[in-house]
Amino acid sequence: MPREALVGLETRQSHGLDQFCASLGERPGLSILDFAGGSQATVSFITGYGHRLYSDDFVHQLDQCFGSGPGDFFDNQANPLLASKFIAKALPFAEESFDGALVWDALQFLCSPLLQTVVTRLHRLLRPGSSLLAMFHTEERLDTLATYAYRIQDHRTVQMAAPAQRKPAQIFTNRSLEKMFQDFHSVKFFLTRDRLREVIVRR
Amino acid sequence: MSTLPVRSSEPHPDFSRGSSAVLGKSVIVKGEIHGREDLTIDGEVEGTIELQEHRLTIGPNAKVNAAVKAREVVVLGTLHGNVETRDKVEIRKEAKLVGDIRTARIVIEDGAYFKGAVDIVRAETPRPQPVAAPKPQPVASATVPNAGSSHAGSPHASGHPGAIAAGAGDIKR
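For the protein sequence lines, the chains are A and B, in the order given. So in the numbering used here, the last spot in the first sequence is 432, and the numbers never skip. So in the numbering used here, the last spot in the second sequence is 503, and the numbers never skip.
Treat each hint with caution, since some may be false.
[Said to hold, decoys possible] When the alpha-carbon atoms are kept at most 27 Å apart in a straight line, the in silico BS3-like pairs for lysine-lysine are as follows:
| # | chain 1 | residue 1 | chain 2 | residue 2 |
| --- | --- | --- | --- | --- |
| 1 | B | Lys418 | B | Lys393 |
| 2 | B | Lys426 | A | Lys314 |
| 3 | B | Lys393 | B | Lys426 |
| 4 | B | Lys355 | B | Lys418 |
| 5 | B | Lys445 | A | Lys314 |
| 6 | A | Lys318 | B | Lys399 |
[Claimed, not checked] Chain A residues, not near chain B, derived (Cβ > 12 Å throughout):
| # | residue |
| --- | --- |
| 7 | His289 |
| 8 | Gly298 |
| 9 | Asp301 |
| 10 | Phe302 |
| 11 | Ser313 |
| 12 | Leu344 |
| 13 | Arg353 |
| 14 | Glu368 |
[Said to hold, decoys possible] Only part of the chain A face toward chain B is listed, based on derived beta-carbon distances under 7 Å:
| # | residue |
| --- | --- |
| 15 | Gln269 |
| 16 | Thr276 |
| 17 | Arg281 |
| 18 | Leu282 |
Since the hints were derived computationally from the structure, they do not count as laboratory data. Computed from a prediction, not measured in an experiment: that's the story for all the values here. In this text, a Cβ means the ideal position worked out from N, Cα and C, and glycines have one as well.
Use the sequences and the hints to build the structure in full.
Put into structure tokens, the structure is as follows:
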């Protein structure tokens, strides 16, 4: 993601984030995984609770692995060698390393079977009882979606910058999301006015 | 074992403020660097860097692959390695830092790339050393500074609203 091109910062209220943050105040010293890449706002917010934050720009990692060489971005995701290289680079953590994961909208740009591999890996990385926040667009007719750089402003406000447009791998329905997160304990949906479906998944 | 800082013959760019040792952009170092002065690196370094009480600046042309310990680290170029500072880490615009950070304060500018974990280590206020009192006072009137509120800056530590269920569908297994 060309992060130098972060323009047009918007903010939105997020019920999903509000619910995710409810568990942050329980005790200090939690480990939180953030797929949005390092930003001052999110680092300050999470570490302000006394937690540890691991940041990585997941979509940037996707581009590095599947979009920088020959071949189609989505076709390359089906290459087992590239896929295992990606998992090793993007999610190189021991099992049950995290107490929460901010996945944002990154899963929209993954094709099966890599998508299911990543979700299974996330399930293993999270400790039982911890939460995962993900977002999915509900607009079915658009060819491309804005890829956002998400930053936490406060417990229910997200800053979003849209540096680029990107083709989604697929459009998710409630049913497909339930199936995708079937190994988790619970899935909660928040429908929003701006065509985003927020999902809180509990391990 | 250690490599002495080398002063570049080229004019220094603006990022080197004040007097500090400089490793110029044509310099390549493999090994350990220990120092008792500020250091600016604009070349390539692989190994470890320790400037416990001083500031390390990774210049815009620098490619550093090293574990770093310093009082303060400012990154303008590329740094791969874990960073431990007593004071502050700054990752400037267009800088790249891949590694875990332990520090008291961190600044990440827009446009910087950071991959790794951040642990904020709050500097403990040094407790006043107990002075050997010549003789016990009848009334202890000394005020002990408040050293126990380490999470005073924690946002929304209380008063968090309950979960908002509007429009929510909940599936439990």
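Consistency of the hints with the structure:
1. Under the criterion of a C-alpha separation no larger than 27 Å, the hint pairing Lys418 (chain B) with Lys393 (chain B) is consistent with the structure, at around 20 Å.
2. Only pairs whose Cα atoms come within 27 Å are accepted, and Lys426 (chain B) paired with Lys314 (chain A) is accepted, the gap being roughly 21 Å.
3. Taking the CA atoms of Lys393 (chain B) and Lys426 (chain B), the gap is near 10 Å; set against the 27 Å cutoff, the hint holds.
4. Between Lys355 (chain B) and Lys418 (chain B), the direct Cα distance comes to roughly 24 Å. Compliance with the 27 Å bound is thereby established for this hinted pair.
5. About 17 Å separates the Cα atoms of Lys445 (chain B) and Lys314 (chain A), which keeps this hinted pair within 27 Å; it holds.
6. Between Lys318 (chain A) and Lys399 (chain B) the alpha-carbon distance is near 25 Å, which keeps this suggested pair within the 27 Å criterion.
7. Annotated as non-interface, His289 (chain A) brings its C-beta within 12 Å of a C-beta of chain B; the closest such distance is 8 Å.
8. With a minimum CB-CB distance of about 20 Å to chain B, Gly298 (chain A) clears the 12 Å threshold, and the non-interface call stands.
9. The beta carbon of Asp301 (chain A) is kept farther than 12 Å from every beta carbon of chain B, the shortest such distance being approximately 25 Å.
10. Once the 12 Å rule is applied to beta carbons, Phe302 (chain A) is consistent with being away from chain B; the minimum gap is 20 Å.
11. The Cβ of Ser313 (chain A) sits about 19 Å from the closest Cβ of chain B, beyond the 12 Å cut-off, so the non-interface label holds.
12. Under the 12 Å C-beta cut-off, the non-interface status given to Leu344 (chain A) relative to chain B holds; the minimum distance is some 19 Å.
13. Non-interface call for Arg353 (chain A) relative to chain B: holds, since the shortest CB-CB distance, roughly 17 Å, exceeds 12 Å.
14. A cut-off of 12 Å between C-beta atoms confirms that Glu368 (chain A) is not in contact with chain B; the least separation is 17 Å.
15. Evaluation of the Gln269 (chain A) hint against chain B yields a held restraint, the C-beta minimum of about 5 Å falling below 7 Å.
16. With its C-beta approaching chain B no nearer than about 4 Å, Thr276 (chain A) sits inside the 7 Å limit, and its interface hint holds.
17. Hint on Arg281 (chain A) holds. Least Cβ distance to chain B is approximately 5 Å, under the 7 Å limit.
18. Checking Leu282 (chain A) against chain B by beta carbon gives a least distance of about 5 Å; that is within 7 Å, so the hint holds.
The structure fails to meet hint 7 from the earlier list, while all remaining hints are met.
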